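With the sequences and hints as input, model every part of the structure.
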Amino acid sequence: MTLKRMRFLKELFAFMGLGGRLRLEWISSAEAQKFVKVVSEFTEEIRALGPNPVGRYTCESGKKIGRRAACPTAPDPVLADTAPGPHTVPRAAAEGR
Amino acid sequence: MVECGRHLNIKLLTLTEVAELTGRAGDFTVTLTKKPRYVDMDKCIGCGVCAEKCPRKVDDEYNLGLAKRKAIYLKYSQTVPLKYAIDPVTCIYFKKGTCKACEKFCPSGAINLEDQEERFAIQVGAVVLATGFAPFNPGVFDTYGYGRYPGVVTSLEFERILSASGPFEGHVVRPKDKKEPEKIAWLQCVGSRDLKPGAHSYCSGVCCMYAIKQAVIAKEHAGADLDAAIFFMDMRTYGKDFDRYYQKAEHEAGVRFVRSRVHSLSPASPDSLDIRLEYVDDQGKLQEEIFDLVVLSIGLEASEQFRNLCQRLDVKLDGHGFTSTSSFAPVTASRPGVYVCGAAAGPKDIPYSVMEASAAAAAAAGELSPARFSLVSTKTYPPERDVSREEPRIGVFVCNCGINISGVVNVSEVAAHARSLPHVVYVEENLYTCSQDTQDKLTEVIREHGLNRVVVAACSPRTHEPLFQETMNNAGLNKYLFEMANIRNQDSWVHAQEPEIATRKAKDLVTMAVAKSALLNPLQEADLPITQTALVVGGGLAGMAAALNLAQQGYPVHLVEKTGVLGGNARQLLTTYRGEDVGAFLERLEARIFQEPRITVHRQASITGVDGFVGNFKTTIATGNGAAVIDHGVAVLATGAKEYKPTEYLYGQHPGVITQLEFDEMLRRRDPRLAQAQTMAFIQCVGSREDHRPYCSKVCCTHSVKGALELLEVDPGADIYVLYRDMRTYGDREDLYHQARNRGVIFNRYSRDKKPVVTAQGEKLRVEFRDHILARPLAVEVDLLILAAAIESHQDQSLAQMYRVPLDADGWFLEAHQKLRPVDFANDGVFLCGMAHYPKPLEESIAQAQAAAARAATVLSKGTVKAGGLVSRITPDFCCGCQICVNVCPYQAIAFHDSLGVAQVNEVLCKGCGACAAACPCEAPVLLGFNNRQLYAQIRSVLRSA
Amino acid sequence: MHEKVLNLLETGKVDIFLGYKMMAGHPLPHAFGRHNPVEVQEMILGPARYPLEKLAVEILAARPDLKIGILARDCNRRALNVLTVHQQVAPGQVQVLEVSCCPSPLQRHADCSSLEAKEFGAGKKEIGIDNNLTPDRLEAMEPTERFSRWMYEFQKCLKCYGCRDICPVCFCRECSLEHEDLIGTGDLPPEVPIFHLVRAVHMAGRCIDCGLCEDACPVDIPLRLLYRKVNELVADLFDYKTGLSLEQPPFSLLFDKTAQPAAAPHGA
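Residue numbers (my numbering), protein chains in the order written: chain A, 1 to 97; chain B, 1 to 946; chain C, 1 to 268.
Certain hints may be false.
Pairwise CB distance ranges, derived in the manner of DEER restraints [unchecked claim]:
1) C:Ser245 - B:Thr14: 17 to 25 Å
2) B:Leu523 - C:Asp165: 32 to 40 Å
3) B:Lys248 - C:Ser245: 27 to 35 Å
4) C:Asp187 - B:Gln497: 49 to 57 Å
5) C:Pro91 - B:Val757: 52 to 60 Å
6) B:Asp877 - C:Pro91: 48 to 56 Å
7) A:Arg7 - B:Ala809: 57 to 65 Å
For the record, the hints were derived by calculation from the structure and aren't laboratory data.
What you are looking at is a predicted structure, and each value in this text was computed from that prediction instead of being measured.
The C-beta atom is built at its ideal place from N, Cα and C for all residues, glycine as well.
Have a look at this one:
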C-alpha cells in the first residue's frame, strides 16, 4: 500500500515536472549501513538535480511571488524562464541556493 | 528486549547461572551464581569509550568469528541491558596484570576490576526454562569439510553474512577471499534426520524455511543472476503460509530446489576455494556441480550445558536431550512448578516459541494465581497543575551524556541557542540528564521557575521518555507537556566526524522540539473499569484448555460451544503421536471443566451479536433457552477447523476409501475389516497443497505414519503403502517415520502432476502410481485406502465481522503478527488459538490455548483499561460523514454515529497512529499531541532557521 | 422528457425535480414542483450544465423528508455515485432521469459533448498549458518545461474557489484549502503549487471528470487535465473506478480494501 501511495505521489510530482525528488526504501533498524548509503546517494541525486524550483516562486522572506509582486532577491520566474531561452534554469537561481 | 529491560516488575540477572533449585512448586529457593562483569551496571552509560580504547582485539563470537571485537565489549549493538562487560579470558589485565585502559578512560568510573563472583539465593514460586538450543557443529563429520574448506559455511554464519549489521554489511561474499559468489548451494539436514554417530535422528523443523529465506534474500542482495540451489530430501514447509513462501521462492524468486542428499564435498581443484558437489538427482543420475559457496543447513540440538542444568534442576529429558513433556501439558516439565518453552523442549521456530513462552507464563500463573500482585511496585503522584491559562514557559535541559554528546556536539553553544528561542525561560546543561539526582533537581527547577513545558535534548524517547514523563508527574505537570530532542542517537553518534555540522543539527533539533512544545496541551488519560470475565468461543480442545487456564488464574469464564458436546475434532482422535490416549485425556479435561465453579458452559449456543470493545464486550448468544447477553472483558476465538470431505480417489463411492478420522474411528471400534485387510494404502495431501488450498495441513504425515504403525500392531504381516509428496514428520515425529520404514511400510513419493490413480476392483481397489526409485509405474491391489484429507477452515466471516478480526485468504483467523504476536489480534481484547488459526496437532493447540489465556489475562488482571492520551479526536462540526476514517482505522477504533451523522473515536481502542487525520478530506480528526499546528510549527521552525 | 417528469411528480415518486429553465436569458437550475405542473413544460434540455446532484444533496441535508429527482447526464450520475459511496446521500435517495450525452457512457475519459474544445491564445500556448492537451502529450515535454508551464498556470490563480464551489463532489464542511495550518492564507496567488496540489490530491477517487471546474475558472487553469492525471493514477495503481460503481468504499490513499495483508513468513 505504501508502495502504491508513493508511486502515486512520485508520478504526480513527475507530472508537475518535479520528478526524482521522492524516494522510498525499506531499511530496518538493524541496517545502519544501508541507511547511510541510501541517504548519501539520494542527497547526491538531489544535489545533481539542483535547487528545488518551487523555491524560485518563494523568496527568502517566505512571501510568494506573484506576477505583480516581484521578490527583490529572485528573478521573475516567468520572465527568467522565457527571456534567455525558454525553460532553462536561471543561472542566478541555480547557483544562488 | 527494551521493554523487558525497563519493565518495573522484571529484574534482569545477566551473567548468572542457576546452581541449585530446592523447595517445591510455589515455594522454591533458587541458588544463583553471578559471574563478574567487571563493569558496574549502575554506573555504565554504554558510551563505548572503553571498547574504543581497549587494545585487545579478539574474534567476535556473535559474528561467528567473521569479525573482531574488543576484550571489553557489547555482544551486539542492541544489547539489553546496554552495559559493557569484560571478557576475562582475553583481557590483557587478567592475563598480565597491567593495562587498565578501560578504567582510565571510563567517564563514569564504572570499571571495577576487583569484581568477584557472587552466589546468592532468591525465592520464587515457579521456574520457566527458556534456554534455547545450541547449533549443531558440522565439524564432527569430515565429509562436509567444514573448518577445512573455506568455501563451506554454516547457515548461522551465512545469516551473519546476509545481515546488514554483520561483518560484510549484508554484501554476499565468500568470507575467505571476499569473492562474490555466482553459485551457492544449501545442504539440508546437516546433523538432522541422520543416524550417523554424532548426528541426530530428529528433524530440526526450521531449516527448510530458513534455507529458503536465506536463498531468497541472497538473491535479493546479490542480484537475480545468483544461482541459489537447495539440496533437500523432503521440503518441510508445514507452517502457516510457509508453502506459499516455498512456491514463491521457486517460481518467482527462481530458487533452485534439488531433491537429493549430498553425500560429500571436495574442493573443485587442489588450490581452489570452490566446492565440487557430487550427487544423485531424482532421476537416479550422478551429477556434478561446482559452487562458490556451500551453506550447511545445520540443525538444532540440546547443549551439554543444558543437559547438566536439567540434571541439577531434576528435570527429566527425552531421548534427544530436550526436556520431556506430555502432549497434554506441553509446557510443563517433569518437576512440578518448573515450566519450559521454546527450543529447550525440542526444536521449533519463532512463532511457536513465542506462543510457548506465553503458554509457560499462563501455566505458571495458573499455579501462582493466589499470590498475584503481592510483590509488584506501583506509584503515586501529586495533583496536576492547571497550565491552560499560562503563557508557555519552556525549560530546556541539554544533556552531555558524559562525553557521548559533548564529545562531538558543542553543548554550551546548543544551550545558548536554546536561550534565544521564543518562550524559553530556563536552560540548563547536565552531565547526565537521566541520572536520579538530576530528576530530583528537575522537579525542583520546574517548581521554582514555574515551568509549564519541558524539553530534554538528549537521547531516544523510546528508552528515556517514560522516565522524564514520570519526573513531570512528580513535579505536578501533565506528562504530555514534555518533548524530547534526540541529539545523541540521531546526531552525535552518526556525525562523530563532523562536530560543527553536528552542533548545527543539534540546534535545529532543539529548535523544532521547542517550537512544538510551545503548542503542547495537557492530555488526559482515564482508567475505565473492565469486566474481569472471559468468553471463549468454541468448546473444542483449544477452547477447553484456554477456559480451564483462565479459570485457574481466577477469572470467570463463559465457554460457548455450538454443538451439544465438548471436545471438537479431538473426540475423533485415537492417540497423540507419542501414543497418549486422547479419549481418556478429554474425559479428564471435561470433568475438570464441569467441576470448575468459575466456568459456565453454554452448549448448543451460537453467537448472534457482539457489542463493545476491550474490557467491556457484550456478546449475545442464542441457545435452546433463548438469547442471553454476556458481559466480558476479553474473548478467545477457538472455533477450530474441519476435515475436508474428499471428492478424489473414489471417496464416497467405494466403501474401502476412508479419511484419517474415519480410520481412527475404525481403530477405536476394532473394526473387523482392519484385521481382515491384508494390503492397505495411505494417500497424503488429499486436497492440501493444491491451487485452491495452497497450504500444508501439517498433521497428516504424522497421522498416517502413526496409523501405519497401529496397523502393524493389529497385523504385523500387513502390506502398507504410503504415497506422499514430501514427508513432513517434523521434530521427533521423524522417529516414527524411521520406525515405520524399518518395519516394512513402503513409502513412495508422487508428484502433484502425476497423482496416483485409483480404480474399483470389486471389493478391492487398484492403486496405480509411479515408483520414484525404479522410475516405472506400479500397481497394487488394496483392501483399504486411507486418504489424508486436508483440514479446512470454517470460513467464519460472520464471527470475524462481529469481533472485527480478519481472516486470511484460506479462511484462517489472521493474527496481529505472525511471529511476534501469534495469538493476538490487532483488535484489542480478542485472542485466538487452536485450529481456527491454522491446522495443528493437539499438543500445539493446547500450548496455543494456554498462550491465548496468558495474553487474555494481561488484560483481565489489570482491572482497568486506559483511555485517552495520544489519541485522535474528531471535531463533529467538521465531520462530513463520509466514513473514510472508519475504513482506514487499523484498530477499528472509529465508529459512525448514525443519529448525529458523525464519526467518533473510541479512545480506548485508538492507538494514535494518525491514519484518520491523514485520510480525512475535511480535517475533522485531530491527533492529540501531533496536531497539524504542532507538526507545522516544527517544520516551519527548522526551515526558517535553515 | 416532460411527460416523464410530470409522471414522476404526479405519482409521488418525487416531490421536486431539478432541471433547467431559461431565466433572464440564461439556462439556470430550477426545482420543478407538483404544485405547478404547467411550469414543467418550461424545462429545457440543451447544453446547460450544473452540479444538480450537489444541489439535491444540499436540499436533502435540510429537508431529509423530500424525494428528489434530477435530470442527469452521465457526469451527474457518476458524481451521484461518488457522493453515495461517501455517504452523503443514501443509494436511490435521488431519482435520476437520464439524458444521453456522453458518446461512450461510463468510459474513462469519455469526452463530454457539452465540453467544446476551446481555442486558446498564442501566449498561453507558448508559456502556459493548452487546456485541450491530454496527460500523455503534456508528459512528452521536458520536465523543466512542464514545471515552468504549470507554475505559469498556477500563478494566475485568483483564489476565487470557483473550482471547489462548482465541484459536484466537494462536499466537505471544512475545506483544507481554507485551513490556515495547512496552506498559507492572505496571499495571492495562493501558495504555489501547494494550493492546487492539495486540491488535486483531494480529487483522487472523487473527480469524475465533468470539467465544471475548468468551465468555472476565470483564468483558464487546466484543472481537468491535472485531475485526469490524478485519477489515471488512482485507476492504474489502486484499481479504483471513481464514480463507476457503488460497490466500493470511499477511496483513500491510506487504505486499500482489496489488499490482502502481506504474508511473507521469514524463516525460522
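These are the hints, each one checked on the structure:
1. C:Ser245 - B:Thr14: 17 to 25 Å: About 60 Å separates the Cβ atoms of C:Ser245 and B:Thr14, which means 17 to 25 Å is violated.
2. B:Leu523 - C:Asp165: 32 to 40 Å: Cβ of B:Leu523 to Cβ of C:Asp165: about 37 Å, so the range 32 to 40 Å holds.
3. B:Lys248 - C:Ser245: 27 to 35 Å: 31 Å, holds
4. C:Asp187 - B:Gln497: 49 to 57 Å: 43 Å, violated
5. C:Pro91 - B:Val757: 52 to 60 Å: 53 Å, holds
6. B:Asp877 - C:Pro91: 48 to 56 Å: At 26 Å between Cβs, range violated.
7. A:Arg7 - B:Ala809: 57 to 65 Å: 24 Å, violated
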